[in-house]
Every structure is written in structure tokens, then in C-alpha cells.
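Line by line, the protein sequences are chains A and B. Its first residue numbered 1, the first sequence is counted upward by one per residue in this note's numbering. Its first residue numbered 1, the second sequence is counted upward by one per residue in this note's numbering.
No lab work stands behind these hints, which were simulated from the structure alone.
Chain copies aren't distinguished; within one or between two, either way the pair holds.
Distance condition first, Cα-Cα at most 20 Å in a straight line; then the derived SDA-like pairs of lysine to any residue:
id, residue 1, residue 2
1, Lys125, Glu136
2, Lys125, Leu115
3, Lys16, Ile5
4, Lys46, Asp137
5, Lys46, Leu143
6, Lys46, Arg149
7, Lys46, Val148
8, Lys16, Arg175
9, Lys46, Gly151
Number of protein chains: 2
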Amino acid sequence: MTVTITAFERSPDGGKGLARDTRVRWALEEVGQPYQVRLVSFRAMKEPAHLALHPFGQIPTYEEGELALFETGAIVFHIAERWAGLLPDDANARARAITWMFAALNTVEPPILELATARILEGDKPWYAERLPLVEDRVRARLGPLSVRLGEADWLEGAFSAGDLMMVSVLLRLRSSGILDEYPNLAAYVARGEARPAYKRAFDAQRAVNTGKPPTN
Amino acid sequence: MTVTITAFERSPDGGKGLARDTRVRWALEEVGQPYQVRLVSFRAMKEPAHLALHPFGQIPTYEEGELALFETGAIVFHIAERWAGLLPDDANARARAITWMFAALNTVEPPILELATARILEGDKPWYAERLPLVEDRVRARLGPLSVRLGEADWLEGAFSAGDLMMVSVLLRLRSSGILDEYPNLAAYVARGEARPAYKRAFDAQRAVNTGKPPTN
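Let the hints inform the model, and build the full structure from the sequences given.
So this is what it looks like as C-alpha cells:
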């Protein structure tokens, strides 16, 4: 059955892989499921046809036969349930992997989003410079415990899972801030994620859209 | 099998039901699963015994035999998979209900958390008054489309599901801001959630911990 996702016609990051379609592409590459991409302009994202798919007028969306989903976490979870490769078979191990998906999205990502919002939407405000360290410390309050928990392990819970896919994707947004490098084991964890062939294929595919350059592999 | 969750020994909200154990209590009440509660002090939350259960040193946690989980979204999802009552049987309807869980936690809650953070941690800063409307508008940018999507329906996707449980719980945090009342259908949606007997039992149970008053029903 054909899988179709949506992505930005032109991503705000210019193809650095931070738009959320990269997370979905990565999941599909990990499970070996081909997919089609429909590009959506900023204007089309707010029009009825797209809003019927995504009530918040964002990307990505996911269509597979009669099933239409939005929200990256839900799409990645669906892919992980639908095909083998992203969740362990053992019930308790599976529940733990799912736990890390939710932890990435609801505990680690919110302060990272707040940091991105401060830079993008409040960078010209008079309070920006004084407030920035407060927001950065909220990010560190998540990264410190995460770094302790990961320790010397390659992945958060045994083998690579959808939980790692999501956590690496969330942490990637921090690279330009320099904060990630304060936690060498987390920086190495992110690098391990980026080194996966499935990630590289996903990254190259989204970059090709945004730069017009064909994939390098 | 015994289910044990953790909750604040003394919740910062004094028992208004905004601590996240209320979400887990509500889910357990909806599926009719009895549970035990272990109360944790702020100091104990950061000690090794609790950190082994919850790497970020928060509540709630969930223990069921050999399974130990943290992260509210993951716990509620586990409960919804484990017992009937919170997810539809049809595969596509189930995926849509799960979508609303993720949407509540990763699209709607982050700006609501940012608003709470501004009030709690930056209320005494010189920029607070000027910045507050910006943050409130970020909340409205989520509530507007959500209000349109809900329309006149009782619940987001057919029957009440774990997606509604999570969305109502997230929106509840807005009540004191007055913003929820700008969207009458969302305010009514939240009230419908609060009127559910399972919610009332969960609310009363957490309030009894925090006020020393026994449940009223």
C-alpha cells in the first residue's frame, strides 16, 4: 500500500534536516518502507485541503490507504507498530521504548522549543540577552539527567528503537546552540544516530528537496 | 497484578489536579483498574531510588510487576493498551486516538507550559508584562485551530478516548489564565471531561492527598 507524507515545499531551515518530515522519513527508512512525498507551500498549509489532513496546518502528514494521520510522534509510532525494526518484541521492552518517545517529545523537547522560539521570535526584543541564559538552563535541566541516564550506553534502552530516533531528532535541534557539546556522551549519541544509513538517506532526501541537489548516495 | 504509581507528597498546586499524577489516576479510573499510590517528597524525587524509576526525577511513575515506566504520556498509553476503555478497537480509529495523545503533548502543551513557566519563573522579571501577550498568542495559535477542529462534537474523534483524556488534561492548565474561556466549545469540552465520574474520582483522590480532606464521593 502506498505511503504518502507531506513536507515543506521550502523548509525554513534550508535543508538542515530539522523540519519534522525528517523524523518520519528516518522511521520509514529504518523499516525499509518506500514512500512518496507531497510538497506543501506555506500558503497551502493553511488552506482547507491541508487542514482536513492536519488541523494545526503543519507538516508532516501521513496517508496510507484510508488512514490519514498527523503529528510526528503519532506517525513515527504508527510506522513502528506497522513494520518491524523500531520497537522490541518483548512487551515490557516495547513499553520502555515507547516511554522514551514520549519523554523526548514532552519532557526534553519543550525547553528546546522554547529556546528556538526565543531565538527566532524574540531575538530582537530588549530582554533577549538577559533572558537567554534562563532558557538555556531549562534545557540543561533536561540534558543533565538524560546524560546521566545514558551513561556509556549506545542507546537508551538496549537496541536502537523509535525512542532513540525521536530523542536524537529532538537533540539535533540543539546543535547550533553549542549546548549539546557540554554533554559529550549526548553529542556522541546524536552522532551515532546521524551515522545510521537510514538517517543518512532521510537527511539526503529532505536536503535534495530544499537545495535542488540530488542525494549523495 | 498490583499497580503502584507515585505522586507528590505535597503538590505545588495544592490539590487543584494539575500535577501529572491526576492524568494517570484518571486513566486508571476510566479502565476500572485499582492502584496504590506512593507519595514522594521533593527531596526523595532527586535521590537514587526514585531516579532509578524516573531519570528526570519527577512524578508520576508506574510499576506493575516487573514493568516500571515513567512519563505520563507513556503511562497513560500503556494503561490504554493494557485494559479496555480508552482506545477504539478499529485499527485506524485507534491510530487517530493515539494521534490526539501526541498532539496534546507535543503541539498543544508546549506553549501552555511556556505560559506557566513565564508566570512561575519569570513573573518578577522586568520583561514579564511586555512578553506575556506574545506567549499567550502562541497558546491561541494552538487553541484556535483546535476549536475549529472540535466544532460541535463532544470528543475529538468519535467516542471519548485517551486522546481526549490527554487533551482535556493539557487544557485544564489554562483555566486560571482565562484564555480557555475565549473558546467556548473548548471550555465546554474541558467541562465534559471533568464531569466524567472517572475524572471526579481521580481529582478527589489527589485532592485528598493534598488537603487531608477525604474524597467527597
